[in-house]
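Enquirer: So the chains spell out like this:
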Amino acid sequence: MLGEFEYLLLSAAARLGEAAYGAAIRREIEDATRRPCSIGALYTTLDRLEAKGLVRTWMGDPTPQRGGRSKRVVRVTAAGVREAKTFYNAVGRASRGVSWATVRDGGPS
Amino acid sequence: VTSLGWWLLNQLAHALEPAERDVVLGDFAESGDGLGAATRELMGLILRRQAALWTSWRPWLALFGVSCLAGLSLNRIALGLMEEVHRYSADYYTDLTDSQVVAFLSCLAVALLVWSWTCGFVLGSLSGRAAWLTWSGFSLVILHSAIAGLVLAGSTVTVDRQGHVVPLLRLLIGVTLATLPCSISALLGAFAGTRRGVLTVRQAYLVTVASATLTIVLTWATGPYGTAQMPARWPEVPWSTRLLPFLLASWPAVYLLAAACHAQNGNDRAATVGRGHQRATTRDPP
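Top line first, the protein sequences correspond to chains B and V.
1 is the number of the first residue of the first sequence in the numbering used here; add one for each residue after it.
110 is the number of the first residue of the second sequence in the numbering used here; add one for each residue after it.
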């Protein structure tokens, strides 16, 4: 089972698709959670996901926007998609009937 | 000031692997983070990476086995050698010939250099990116553990054999000079260990045999050598007591040999698998 931050990272990488790399994923997570995302948490979690075979990463080409430095490009693997789906379904089932889940749907009955 | 700050940040980033350093500094450039935020983020990542290193047994073995145990023993042996040299130059010995004393002290000096180099090599190969901490610990122990012991015991002055007071600073300089050759030898070993990781089996055998021979010779020689300095009819120090400090200083040679044999076996296995794969590929054309 994934951790919460692992799920956020997988979701951000999947949403970005071809444009998924470290800094872009960090921005996506910050936008989604409205909380700062530390580089330390991002890259250590990325290593863990790669070790589990849930993402694949490699060094991209350097760009002038990054001062001529490389980026770490990320792709979610099929196993990563499966794990994210399992996590999402589990959260959905666990949230059934709780007050904060019904608030989003128009307020508690 | 800002450019100096960014230069310092770049230097700090050297604590990361080269590829990760490039990526992280690129991220800072792209996101336009300020110097303060970038430093905070970088420190966070470095701390996480350092913490991850310590989940392995290797840096722990380097810190406690080499830096503390072997370092402490090397410090004591080096100080013992310094004391023996002073005694010899003060014509203290009566029961031993000049050549016997010179041979013993030379053997001890060579052993110290060999053991220090071995300790440095093992420290470098075991520590990886945690080397800055294990090496700092080793340097502190090898250079200053005796002084630290005195200070912790509340001593600010010491007295030499003639009853003269020796200020702590003078003692500090004396001890540092006495242990400096060990530190330099260990530093050379640490560079080699960091660069190469393991020795070849033949080289490791050579170092281990040299180290073991010196340990045995010195354990044997300290018996009659120690007795010659004691008043008549004093019992000889047991061999196990004489062996212990030499064993603590020289054990990294055994690790060196074990690591070399392990690496050799790994290479042999990989070569066998590679040959098998090549044969299978040749038999089954795509």
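Don't read these hints as lab results, they were simulated from the structure.
There could be a bad hint or two in this list.
With the Cβ distance kept under 7 Å, some of the chain V side facing chain B (calculated, not the full set) [claimed, not checked]: (1) Asp131; (2) Val132; (3) Leu134; (4) Asp136; (5) Glu139; (6) Ser140; (7) Gly143; (8) Gly153; (9) Leu154; (10) Arg279.
For each label pair, taking beta carbons as the anchor points, the in silico distance ranges come out as [claimed, not checked]: (11) V/Arg149 x B/Gly3: 20 to 28 Å; (12) V/Gly114 x B/Asn89: 44 to 52 Å; (13) V/Met191 x B/Ala51: 44 to 52 Å; (14) V/Trp169 x B/Gly3: 22 to 30 Å; (15) V/Leu277 x B/Arg48: 46 to 54 Å; (16) B/Arg34 x V/Leu297: 52 to 60 Å; (17) B/Arg34 x V/Gln312: 19 to 27 Å.
Glycine residues also receive a C-beta, built at the ideal position from the N, C-alpha and C atoms.
Enquirer: Give me the numbers of the hints this structure contradicts, sorted from smallest to largest.
Expert: The structure breaks hints 7, 10, 17; every other hint is satisfied.
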